[in-house]
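A.B. asks: These protein sequence lines are chains A and B, in that order.
Okay, so the first sequence: first residue is 1 according to my numbering, each after it adds one.
Okay, so the second sequence: first residue is 1 according to my numbering, each after it adds one.
Hints listed in this document are in silico derivations from the structure and should not be mistaken for laboratory results.
We put the beta carbon where it would ideally sit given N, CA and C, even for glycine.
Warning: the hint list may mix true and false statements.
With the C-beta cut set under 10 Å, the calculated list includes, among others, these residues of chain A facing chain B [as the list claims (entries may be wrong)]:
1. A65
2. R156
3. K186
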Amino acid sequence: MSGSGTGEPERRAALGAIASSGRFAVTAEMPTVDTADPAAIASLVAPLLGHVDAISCTDNSGAHAHVSSVAVAKVLLDHGFEPIAQFACRDRNRLALQSDLLGASALGIRNICIMTGDDVTAGDHPDAKRVFDLDSTQLIRIASELRDGERYLSGRALSGSPSYTIGAVENPFAPPMEFRPARLAKKIEAGAEFVFTQIAFDLDVLGRFMAQVVDRTARARRHPGVGVRPGIGARGAVHPSRSRGTAFLTKSCAGWKGFPETVRRTRVFASRAT
Amino acid sequence: MGSAPSSQRPPTGVGPEARPAPGHRRERKAKEAAFDCRMCGQCILHSTGLTCPMRCPKELRNGPCGGVRRDGSCEVYPDRPCVWALAWRRSQRLPLWRSDIHHVQPRRPPVGGTSSWASFVTGRDRIVPDGWTR
Chain A
1 MSGSGTGEPE RRAALGAIAS SGRFAVTAEM PTVDTADPAA IASLVAPLLG
51 HVDAISCTDN SGAHAHVSSV AVAKVLLDHG FEPIAQFACR DRNRLALQSD
101 LLGASALGIR NICIMTGDDV TAGDHPDAKR VFDLDSTQLI RIASELRDGE
151 RYLSGRALSG SPSYTIGAVE NPFAPPMEFR PARLAKKIEA GAEFVFTQIA
201 FDLDVLGRFM AQVVDRTARA RRHPGVGVRP GIGARGAVHP SRSRGTAFLT
251 KSCAGWKGFP ETVRRTRVFA SRAT
Chain B
1 MGSAPSSQRP PTGVGPEARP APGHRRERKA KEAAFDCRMC GQCILHSTGL
51 TCPMRCPKEL RNGPCGGVRR DGSCEVYPDR PCVWALAWRR SQRLPLWRSD
101 IHHVQPRRPP VGGTSSWASF VTGRDRIVPD GWTR
């Protein structure tokens, strides 16, 4: 947990530094990992080395079991990437989440991203027990208190604080849209330092959302870096089956419908890529 | 088992509080009928436009998740409206505490069957973990 002692200080909180510097950060998201072979994990993103600032490692995305986000992040770290370990509230209670946050920091992972998580019914284990002991806002605050207050939620002191930049997610395109900026403001108040939004197609909605977020955060004198994430779209678009790629987008991505031009351009892109 | 130091305060929400508080049954009947209340004992109905957040399948306490469907229905139960979308809309119409969806502390575990009226009187619903305060 002694983040200060383990070398490579220039790597520390790279994403946080980029977010606060105001320059664009380019991030990618790991595909789902279903192998325990570290070399195979690294080979999934090897072509991106040197081209991205950081790579998100998903936490049982879509409520499917995959290799742990912290483990994947550690593998990426060993291969020269700057990983972002995601933490969903679905699978672990407050004990497990706190210990894994500290564990991630002990392994040298400097970026964490906290989210509620899809419900268990979205995945292939619909009978799994859903935990949701904490919600994302609460976990963000607890993560920030672990680091800045050097204590657990119970109040028990840590003997060394973790060092990570805390990220959050928000979906500007899901109802109730008027409440989304307020919800993000709560997360920022809780300690979020960078934010990933859902894939953005409707720039008008995104613009309105961002205007409100900037207004609120300016008043609170907090300036998070906000990441607009077009990357997940490419995941669907370069899917081996082209038709399936766009079908995935049309069905699953909020805000995608009603943008036939984007669909057409993605089809063209996908046909070139595959 | 039984290794907890005796000096620690007993966990709230379990044990002796299982004994129903005075008026418990009346509260349960009224609030179940009116709000489909789950007797979590940490009532925030006033800030949710009188919408019980414990009806959210994820039992979220700080607003809706990102999975709300475009028509405002629940990610888990598409045939039901999102509890928090409802809460937001209703809270806007409430003359008091309008849109006052606060930063709510972590819920204390097993809370079913706890009286929030008793919690309010005893201050139990305002007890927060030591590491939560800043």
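A.B. asks: Which hint numbers doesn't this structure obey?
C.D. replies: 1
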